[in-house]
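Engineer: Please model the entire structure based on the sequences and the hints provided.
In order, the protein sequence lines correspond to chains S and U.
For the first sequence, my numbering begins at 1408 and goes up steadily by one.
For the second sequence, my numbering begins at 1408 and goes up steadily by one.
Watch out, some of these pointers could steer you wrong.
One copy or any two copies: either way a pair holds, since identical chains are not told apart in the list.
Think about it this way: if two alpha-carbon atoms lie no more than 25 Å apart in a straight line, the pair counts; the simulated DSS-like pairs of lysine-lysine are [said to hold, decoys possible]:
#1 K1460 to K1490
#2 K1651 to K1549
#3 K1549 to K1625
#4 K1651 to K1490
#5 K1549 to K1802
#6 K1460 to K1769
#7 K1685 to K1768
#8 K1673 to K1730
#9 K1740 to K1623
#10 K1748 to K1490
#11 K1740 to K1730
It should be emphasised that the hints constitute simulated quantities derived from the structure, not laboratory data.
Number of protein chains: 2
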Amino acid sequence: MKLQIALLASIAIFSFSNIFGQEVPNEVENIISPEIHDDQTVTFRFYAPSADKVEITSDFLPAVKVMGRFGEVDGPGTTPLIKNELGLWSITTEPLESEFYSYNFSVDGIRSMDPNNPYAVRNSSSLTNFFIIGQGQGDMYKTNDIPHGSVTHRWYDSPGLEMDRRITVYTPPGYEGTDEEFPVLYLLHGAGGDEDSWSTHGRSAQIMDNLIAMGKAKPMIVVMPNGNVVQDGGYGQGSNGFPKPQFILPQTMNGVYEANFMDIVKFTEENYRVKANKEHRAIAGLSMGGFHTMHISRYYPNTFDYVGLMSSALMPREDATDKVYNSIDATLKTQKENGLKLYWMAIGKTDFLYGANQEFKKKLDDIDMAYEYVETDGGHIWRNWRIYLAEFAPKLFN
Amino acid sequence: MKLQIALLASIAIFSFSNIFGQEVPNEVENIISPEIHDDQTVTFRFYAPSADKVEITSDFLPAVKVMGRFGEVDGPGTTPLIKNELGLWSITTEPLESEFYSYNFSVDGIRSMDPNNPYAVRNSSSLTNFFIIGQGQGDMYKTNDIPHGSVTHRWYDSPGLEMDRRITVYTPPGYEGTDEEFPVLYLLHGAGGDEDSWSTHGRSAQIMDNLIAMGKAKPMIVVMPNGNVVQDGGYGQGSNGFPKPQFILPQTMNGVYEANFMDIVKFTEENYRVKANKEHRAIAGLSMGGFHTMHISRYYPNTFDYVGLMSSALMPREDATDKVYNSIDATLKTQKENGLKLYWMAIGKTDFLYGANQEFKKKLDDIDMAYEYVETDGGHIWRNWRIYLAEFAPKLFN
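Structural biologist: Encoded structure:
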């Protein structure tokens, strides 16, 4: 008995959270935030007795127009929390639609993480807390009790970029146990992202596990490379250490990535049991990754049978001099003439790239290139990119 | 040219950090924190014009005695930052020894992350920022420009625990390109941890890559399972969703994990190219994982040739009734008689488990069991566990 008590005592003080913690009234010692109620309302709590104002900024609130660096965009809304006599601030939402939501607090104007929610994702230079509301689309982003694929962070040799580079690879449930060969989806991130973005913010492993378990998508390998050619790995993962992340990295849209993309395909086809042919290759990307996808798929115009452009930065760059951007119209025509099974575009109605996407559609119409076009609510946000992956993946390799 | 400007504009406003950000004076718009100077001093900065007090709590400061739930332990020190006329708080340290350091701010008594440092690790229920000082031990924890192993998050079937469970596996550089078979180190986490702890807070992949590149450790597979038998995956990764993490989970030290550990060995040996014999199996763990290691290695007394106990919770639990904890002395003797190459113990001088480890040494002395014993500065902290892994791994499979 003495030993058991000693053991409990020992375990209890292993905790760094105690050590790093602070003295608070008993009533607020075990704050739950966010607390998701059965009716899909959510209560947020933040203990700050000396603060004058605590607010929450989140995409569950109606979008507001905010100034980006170069113009107005839709941003997450902000609303105040209410303080009680203990100094605990709180707010309870209306019932929320099933989704994956991001948020942070602001305490007297200072952006703050929720200290009671250790679940966060990094997007470019910031960590943001998140939570999931189930019973709908949000279930697609949960780890459910179904067979799971594997997510591997490994390094591939890029002779073209003259470095070993970090890459994330999802292999579907059953990959390890069989001799079967699988099709491959190359899935590209946007500016500010890296080889971890789709598997963290993008919930790609959960989406693929869930789609495969439901029989909605074929088992496939999903290869998630790093599109920032100056990096060997994403911020905090590569040999560049832990600098303050820059949002725009040099050389991300100058043709170098596109020209060397076959290093990634070669690595994949030499290291995984894949069906190494056009019929079993798909490529898709969001924003800057959509730009990359459009250019890679026409620059190698007989390589991919499935192409997905998500909220794509579809600036044709006719002025660019790199050989990758020469003859855009001609190579698109070649791509069309070579034949492909699906050219898929999705964009939100309030996306600042909406106009650029309409112009690109016209270009496709001009050359009689068939495509599927999906228009959704919302702007240039991860919510849409997760939805787009969940819609696009079931269309592949059928 | 017009298109290029539009493109730049588009890219710039992709950023969530802008949208979630706030208006600050130009002078503090691009705060660097932490800023590591060439002389290994570090400047921390925090913009909080309306705050009355901003402090930093970190393990680079001299340890202080703090009250844990059941007694005094060493905790990280705290020191104030100084405010300037813009409301920017800062402090510059003395030159710091090369290490991996954790920290957080406190703003008017409220624990805060550094909003300018997106690099953080989760330990139990809290996120904590970190930084690395190089030119010494800290280099062991960096991703250097050397060959890299792979880190895979996958799921194994545990018939004993009746679930699929998430597990992290490091395979060394070259694993994929050869037919070679490799030895295996099973590496166990402590209370409050899970299958991600060693590869995040523990920097296990970087440590192994660096040791292997220096020729100090043999290429080996490192298997990092989840020791919380009620979970199928760690917090935020398993089917339990995103609850507020509990520090002590049910059934973590009641014999169930130890009794079913062979599910993990079987999975490893069936799914990886391993040398499946005692000479090529090692097991080590920190704190609760040291407790598990001690019990697993004597309960299966002819299975592991290398055993590492790091800051171990070495309470023998002679009072426990589970069959795993019966006949502790007898099975230790059997383990000794079966022979093994290394029984290794490491503990910090100020660890609250120091006494329990001395008692366990006596027990080993009583049965004439050989062991190596390492005593370091410091207490029950990750700093020590990273150092212990970097010392233990070179002793394996020689």
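Engineer: The structure should be examined with respect to each hint, and the outcome stated for every one.
Structural biologist: Against the structure, the hints come out as follows:
1. K1460 to K1490: For K1460 and K1490, the Cα distance is within 25 Å both inside one copy (9 Å) and across copies (21 Å).
2. K1651 to K1549: This pair counts as between: shortest inter-copy Cα distance 16 Å, intra-copy 30 Å.
3. K1549 to K1625: For K1549 and K1625, the Cα distance is within 25 Å only inside one copy (19 Å; across copies 38 Å).
4. K1651 to K1490: between (34 Å within a copy, 22 Å between copies)
5. K1549 to K1802: Answer is within: at 21 Å inside a copy they meet the 25 Å cutoff, but 41 Å across does not.
6. K1460 to K1769: neither (49 Å within a copy, 58 Å between copies)
7. K1685 to K1768: within (24 Å within a copy, 63 Å between copies)
8. K1673 to K1730: The answer is within: 21 Å in one copy meets 25 Å, while 53 Å across copies does not.
9. K1740 to K1623: neither (32 Å within a copy, 56 Å between copies)
10. K1748 to K1490: The answer is neither: 57 Å in one copy and 61 Å across copies each exceed 25 Å.
11. K1740 to K1730: within (17 Å within a copy, 72 Å between copies)
Comparing the model with each earlier hint shows violations of hints 6, 9, 10; every other hint is respected.
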